Amino acid sequence: MAEVTQADRPGGALAVEGVTQRFGKTTVLKGIDLDIAAGEFVGMLGPSGCGKSTLLRILAGLDAPTGGRVVLDGTDITATPAEKRPINTVFQRPTLFPHLDVFENVAFGLRVAGASRSELNEGVGEALDLVRLGHLARRRADELSGGQMQRVALARALVKRPRVLLLDEPLSALDLKIRLELEAELRRLHHETGATFIYVTHDQGEALSMSDRVAVFSEGEIAQLGTPRDVYAAPQTSYVARFVGDANVIPVEVLAVASSTARLRLASTEAEAPCPAGVEVGPAQLVVRAESVTLTEAAGGLRGRVIDQAFRGTRSSYLLAVEGIERPLRAEVPSTAFGGEGVEVGTDVGLAWAPAAARLIPADPVAPPAMEAAA
Amino acid sequence: MSSTPAPVQPPSVDPMYPGAPPDLPPAEARSTRGPKNRRNLLAAAPAAAYLVAFLVIPVVVLLAYSVLTAGFFTVTGPLTFDNYKDALQSNLTWELGRNSLIVGGATALISVAIAIPVAYWLRYHAGRWQMPIMFLIALSMFASYLVRIYAWRTILGTHGVLNTVLMDLGIISHPSSLFIFNQTAIVIAMVHISVPYVMLVMFAAFRPIEPRYLEAARDLGGGSLQRWRRVILPLIAGPAISSFIFIFVLASADFVTPQFLGGPGDAMLGLNISQEFTASGNWAAGAALSGIMLVAYGLCFLIAAVGLRLTGLNKIRWTT
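Protein sequences appear in the order of chains A and B. Everything in the first sequence is counted per numbering that gives the first Met the number 0, starting at 0 for the first residue and increasing by one. Everything in the second sequence is counted per numbering that gives the first Met the number 0, starting at 0 for the first residue and increasing by one.
By construction, these hints were calculated from the structure, which means they are not laboratory data. Keep in mind that this is a model prediction, so the values were computed, not measured. C-beta atoms are modelled at their ideal positions from N, C-alpha and C, and glycine is treated no differently. Do not rely on the hints blindly, as some may be mistaken.
Just so you have them, the derived chain A footprint on chain B, three or more residues with Cβ under 8 Å [claimed, not checked]: (1) 230–240; (2) 273–284; (3) 309–316.
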């Protein structure tokens, strides 16, 4: 089955080297470089049309890239067809073969490989136990729920003992409850199989909760690659800050840089923020997460007017218009604030955050990519 | 559609995953009984009326003729099975039956064998040419059946297009009469007539097989041969076998093409039946032959239906 064998480690190390993909005049991938370690769980996060699924199809071998190489454990597999790669895929829709029952769907990959009867029974039994569907082996696809179908699709891929498992938004068509269950299931399967998992999603929650590392895609490029905490806490561009966690990105003017602190002009006020290396005096942007913003009744400082508010249980979210800042700012505060009454729309309030909670990033080179257009 | 809630068995819950949506009962159990069924019955009335008028009544009349005693252009009492006995004991029946089987079988087999790869190509590789080409295929059915048979006569005939071309190319020196007045010529013309119908059916059969199914098969290690064997052929088996029987019935009973393109020994059962009803005026004999063919076709259908049912390929239930 596998052309590349490395018995001691089930997971394969994958290297994507300068992969480009063009369809006619449209460039979908603009030279992707990505090293994935054996057994790693990598999330590829981005809005639809950012190229993440295109890259996944290239890794699966279903599409050939326009340029670049895909290397698995040191072997160039760019020209290896999908059916010969030790890489299997779980698609967005389960795509179970409608003329086969659950057992035969899972057995498919073993049958085409010419497995013996005993290998077949053992392999399928193991794979179905792995996704806890042994009791449904003789069901047809149309007799399963959406979550069960996707678990069969998982078993069908895992029965091949792939070195790399590709998951293309496998949970996006499912209800929230089933989605959360399967998220936990996927983490467990990743642990139990030891295979390398590459997970494509537009849902930042999924990407952050499951992945060892997250690659945030933007218009055919990787905007940022890092651990979920890193990407969340230290976005390097306004695009990443907005896409991961929907942070406030406020244009500011850096007035002075002193050791690790920068003084900035923020709308009509002045503020301080920790200054990472590379920030110079001039225009910059300040990233402040909605949950870091507190609302005060005190006068002075940065003030805004509540233009929308929503109660969300333990927390309430507010949208605030601030003079001098084009985009309204978002704040998520404990619902117990203001005596548990909330703030009415139209009220003027003060906005504040701990200086350490804000992060200074360079100004966007040109116009920032419009999130609305990308999503 | 509004409907009175029908009693269904309570859904069972997956013991391993109490939070998961309840397992659906099998499709059979899900079908509802009650008032909805009566409405369905009413909706089926036009189809039933059609079948009675155009199938049941003619067949009953035909079968009645076949067990009556033959007169000249008439049938009279008493009831008899002699018509069947005579037909089955006649060497001519078996000879014509063999011709019907060969021509019908070859036509149906070749038509389906041509239509499947063409439909496959149209479905997955024709791109924006898919619909224009489908339209042209449908258009070719507009040419009259007789015109197409004559066309083949001018192509395959002794002074026809094929002979002229071969002589111009210097491949043969004298016009050959090998191309026409034989079973091959009959089959060629009948395949030409049949292929568009089969192509329409097969194209429809490929439609629900979205490319993702073939991609999933590839991803799981299925090469081209395995994809055909384990995914495509099982999924198109029903329509393919139906088209085969449909064309087999039409071609094996044809009595026009053999007269124009066949040789003296190439007549088929259809011609015999036609002559019993017209030239000989022996309606009972013609009806008995028809009855025999009806049974033979019924058997073909039964074998196919049982085969599809046993393999579970009679009903493909697509999921999203």
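>> For each hint given before, does the structure comply? Return the numbers of the non-compliant ones in rising order.
In response: Number 2 only.
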